[in-house]
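Protein chains: 2
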Amino acid sequence: MELKKDINILIVGLGLIGGSYAMALSKKGYSVKSITRSRSSIDYALKNGLIKDGTTEVDPSVIGEADLIVFALYPHTFVEWITDNQYLFKSGAIITDVTGVKTTVVSAIQSILREDVEFIAAHPMAGREVYGVENSDDAIFHDANYIVTPTEKNTEEAIELCKSLGETLGFARISQLSPKEHDDVIGFVSQLAHCIAITLMTCNEMEHLEDYTGNSFRDLTRIARINDAMWSELFVTNKDALLHQMDLFSAEFQRLRDMLQNEDIEPMREMMRKSTARRALFDKNNEERK
Amino acid sequence: MELKKDINILIVGLGLIGGSYAMALSKKGYSVKSITRSRSSIDYALKNGLIKDGTTEVDPSVIGEADLIVFALYPHTFVEWITDNQYLFKSGAIITDVTGVKTTVVSAIQSILREDVEFIAAHPMAGREVYGVENSDDAIFHDANYIVTPTEKNTEEAIELCKSLGETLGFARISQLSPKEHDDVIGFVSQLAHCIAITLMTCNEMEHLEDYTGNSFRDLTRIARINDAMWSELFVTNKDALLHQMDLFSAEFQRLRDMLQNEDIEPMREMMRKSTARRALFDKNNEERK
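Sequence lines, in order, name chains A and B.
Going by this note's numbering, 370 is the number at position 13 of the first sequence; the sequence numbering is gapless.
Going by this note's numbering, 575 is the number at position 218 of the second sequence; the sequence numbering is gapless.
Keep in mind that the hints were calculated from the coordinates and are not lab data.
All values reported here derive from a predicted model rather than from experimental measurement.
There are no misleading hints in this set.
Since copy identity is lost for identical chains, a pair holds within one copy or between any two.
Straight line, CA to CA, 25 Å or less: simulated DMTMM-like cross-link-like pairs of lysine to aspartate or glutamate:
(1) K385 - D500
(2) K631 - D568
(3) K537 - E562
(4) K520 - E567
(5) K631 - E620
(6) K537 - D621
(7) K596 - E623
(8) K385 - D400
(9) K631 - D604
(10) K537 - E564
(11) K596 - E609
(12) K596 - E620
(13) K596 - D621
Next comes chain A alone, as it looks inside the complex (with noise of 0.2 Å):
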C-alpha cells in the first residue's frame, strides 16, 4: 500500500540517500520540502525537480507543516538534532530514519523523543560508491531490501506507514527485524563485507594488480572505495555487533589456513561444497522472489 498523496514530507539532510528518497516520492507527486546544511544541494534538488522547497534553516513552519520527516543524517548528528529542534514538530508527527545501525541510534532518539511524536526506525539497504544529492538515483532501491525496526514503542500505525513508504520508494522487499537483530544481521552481512573489502585492499603493497586480475578481486573490493567518516561512525555504533562477527570470520579463516597448512583436502573439500550449497540457496531464493 502506497503513501496517501496528501501529506507534506519532509527530508532533513540532502545527500544520496535523501536526494533518492526526494526523487522517488517527487516522481510519484508527493509533496517534498528538504533541509539541509548546504546551500548548493538546495539548489541542485530544486533545479532537478527533487523537491517543492527547502532551505538550510531550521525553518519553524517548514518542520511544523509537515506530516512525516525522514533524517538522512550520521547517527550523532541525528540525535543532535532532535535534542535541539523537536519542539518545533507537529503533534502527531511521524519520524523515520535511514540510518545504518539502529538498537544505540533508536534507543537514544526514543528515549529523549516529546510522547505526541512517533519514531519509527527503517534501514534503507541501498547506496553507491560515490555521495551527493548530485549522484541521487531512486533507481537504486528496485532491486533492494527495506528493514523497519520497531520496538514496543511503536504503533502498528506508524509501522504500516513506515512500510508504506518503503513500498512508494520502490523497494523489492520490505522486512521486520528488531534493532538488535537489525544490527546483528548487518553486522554480517553489511558491516563485515566492507571489513573485509577495505583489509583486502590494504594488506598488501602489490602494485598493477590490474594487469592480473579476475572479476573475482574487482568485486570482492568494489565497497573498499568507502566514506570513511560515514562508516567509521557506523562501525563504532554497532562495535559488540561487529566485533562478534569479525571474530565468527576470523576464527572460520584461521580454519581454512590450518587445513591448507596440513593440506587436509577433505575437510578443506568439505567447507568448499558447504560454501556452494549455501550461495546457490541464496541465488535460489532471489530468483524465487523476483
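Starting from the known structure of chain A, arrange chain B on it as the hints suggest.
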C-alpha cells in the same frame, strides 16, 4: 599478432576453459581437435562446431600431427599425461596450459619433457561459476587477463607464439611474469579472494540472508560457488604463497579489529582512505585500458 592459420591445434581436456578455447579458435577458422575423457563432451563440441574432430582415446595420429597442444587439465593429471604420452609428440611441437598455479607445475613439466618439445606456460584468468564444455563461452576472455609465465628454458619464439594465442583468443590484456611472481600475485588476487568468499559463506549459520543483504554481500560471495576438487588442488599446489597472503590479510584484519575494539577512529579512517585511494586507482587504470 594472431596465430598463423595453418597450424594444427589440439586441446587436451574439454571442460569450460578447454571448450571456450576451442570455441574462440574454431570461430576464427583454426583447425582444432580435442582429446578428452568423456564421449558426451566430444559429441557436444562436434555438434556445436567447437572442434573439427575429437576422441576419448590417446590417438597417436591426432597427437603426432599437432603443432600446438593446449592442456586444460588439473595439475596432477597434466603431469601424468605428459609422463605417459609425450613420446607421441611431433618433434618441434609447442605445448601450453591453462593451469592456475605455475611454479610447481612448470618445473615438473619442464624437468620431464623431451628436449625437442617446448612447454610455455600461460594462465587465462577467466572463468564462470559453472563448469563443463556445455557452458563454454569465449566471451569470458574479452575483458580478461592472460599471463604468460616463461622460464630460462623458453625460447623467444615460443613466448611470442603463446602471446599470439592469447591475442587470438581475444584477451583484453596480455602480460608476462615469472612463475614465482605469478603465484604470488594469484595467491593474492584470486586464491585469497576465494578463501575469503568461502569463509564468509560458512562462518555464520544465519538464515534468510537474502531478505537483508545489499549488493555488497552478494558481490563478496559470488565466487563462494566453487569447484571443490579443482580449487583444493590449486590451493595446495600454491600452498606457500597462499599461506603468506592469508597471513598478511589476517594481520591487517586483526589490526582493524583492534582499532574498532579501542574505538581508534582516526587510524580506522586512515585505513579507509587508503583503501578508497587504492581502489579508485584500480578503477581508473581499468577504465584507461578499455
